[in-house]
Amino acid sequence: MRILVVGGGPSGLVASYNLSKGDTDNDVLLVEQQARLGGLAKSYVYNEDYVFDTGPKRFHTEDEEVLEFIHEIGLACALTTIDRSSKVHFLNKIFNWPLKGKELLKLPPLTCIKSARDLLKPKSFTDEELLLFENYIIMKYGETLYELFFKPYTEKFLQQSIKDIHSDWATTGINRSIINKEHKGNSLVELVQRVLLPQSVDANFLYPEKGGYGAFWDACADLMEPNPSVKMMTSTTVKELQAQDNGVSATLSNGDKMECDYVMWSGRLPDLLGTIGVEEARLPKLEYLDTVFLDLVFEEKDIRSKKAVCQWLYVSSGDLSISRISFPKCMLES
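Here our numbering runs 401 ahead of the position in the sequence shown, where the first position is 1.
Accuracy of the hints is not assured; some may be wrong.
To be verified - Below, computed lysine-lysine pairings styled on DSBU-like, alpha-carbon distance capped at 30 Å:
1. 686 to 422
2. 686 to 707
3. 611 to 632
4. 488 to 707
5. 686 to 443
6. 522 to 494
7. 443 to 507
8. 515 to 494
9. 611 to 702
Unchecked claim - Derived Cβ-Cβ restraints for the label pairs, each shown as a range:
10. 674 to 521: 28 to 36 Å
11. 682 to 733: 46 to 54 Å
12. 670 to 724: 23 to 31 Å
13. 465 to 682: 45 to 53 Å
Read the hints as simulated data drawn from the structure, not as lab findings.
Cβ coordinates follow ideal geometry from the N, Cα and C atoms, glycine included.
Sequences and hints are given; from them, build the entire structure.
What follows is the structure in structure tokens.
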């Protein structure tokens, strides 16, 4: 089969790798609009010593098939096991995340009292009302923590009113941050239980020994390079897709044309619709956020608060434009 894969981020790389793996008769063309593969999973090296990921990323999964793939690529990109080190800047203090032990007792007394009131008198909502992020979080954590932490951080991070955000954003974010099923904390009740009855739970991750998170995806691409059934083109886009009796005809930005049986698209939806002839006026008005990463190299003596040093620090205050801070060195020295 002739398969066109559009987008050279993790999704496109995994698809291309698996489609070309083993004794298959697939011919795969991977097209990426940027000059380098990896998407939002790239790493950058400065002065040959300082490695920065595009946002702190690390591997953790309970899916055996995904884990098998990670270890397979890991044969070409040595992986090491690291512990998690995540924190949150909240009410001008640094808290470990997920909250551990007596972390809640670090909250101001009035905040503790209000949170206790939320715990004793939780609000209830209809199923329809719980589709809103705001109501879902209030039901789970109470109005106090919602107003002080979840609302300002989420509006700053997503750049839109909390009233327009679906509860799916809450459930996905909480599940991603908790990681371990037994390491509960997705409600105020569970947070209190963990304070009063703390459990020791390991949250281990896999991470490349050298080159940052992006080294893994560079290795994935390198493994496909000698495969004659795979061709990878960067700085290239798909301009047009036309249905044919026996498949799809694709026109690329360099003028090349490709006849293929299948197209796998991992790019923006409006771009896909544009390639099949949907008029611009009829394209869905989807908003995409741009992320700005600021990489700074500094001496350890210049760190003002050692309590803030971690792999991933969430900054909750809506008055600060920064959403997250990470210390890349902590990815291998946690």
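Residue 674 versus residue 521 beta-carbon gap, inside 28 to 36 Å or not | At 51 Å between Cβs, range violated.
CB of residue 465 to CB of residue 682, is that within 45 to 53 Å?
-> At 47 Å between Cβs, range holds.
Would the pair residue 686 and residue 422 pass a check requiring their Cα atoms to be no farther apart than 30 Å?
-> violated, 38 Å
Please work out if residue 611 and residue 632 have their alpha carbons no farther apart than 30 Å.
-> At roughly 27 Å apart (the allowed maximum being 30 Å), residue 632 and residue 611 satisfy the hint.
Just tell me: holds or violated, for the beta carbon distance of residue 670 and residue 724 against 23 to 31 Å?
-> Between residue 670 and residue 724, where Cβ atoms are some 24 Å apart, the hint holds.
Could you grab the alpha-carbon distance between residue 686 and residue 443 and see if it respects the 30 Å cut-off?
-> This hinted pair holds, its Cα atoms lying about 28 Å apart.
Sort out whether residue 707 lies within 30 Å of residue 686, counting only the CA atoms.
-> Roughly 44 Å between the alpha carbons, so the hint for residue 686 and residue 707 is violated.
Please work out if residue 522 and residue 494 have their alpha carbons no farther apart than 30 Å.
-> Distance ~27 Å between residue 522 and residue 494 Cα, so the pair holds.
Can the restraint linking residue 515 and residue 494 be considered satisfied, given a maximum Cα separation of 30 Å?
-> holds, 18 Å
Is the straight-line distance between the alpha-carbon of residue 443 and that of residue 507 30 Å or less?
-> violated, 37 Å
Going straight from one Cα to the other, do residue 488 and residue 707 come out at no more than 30 Å?
-> Holds: residue 488 and residue 707 sit about 12 Å apart, inside 30 Å.
30 Å limit on alpha-carbon distance, applied to hinted pair residue 611 and residue 702 = holds, 24 Å
Figure legend: structure checked against the earlier numbered hints; hints not met, in rising order: 1, 2, 7 and 10.
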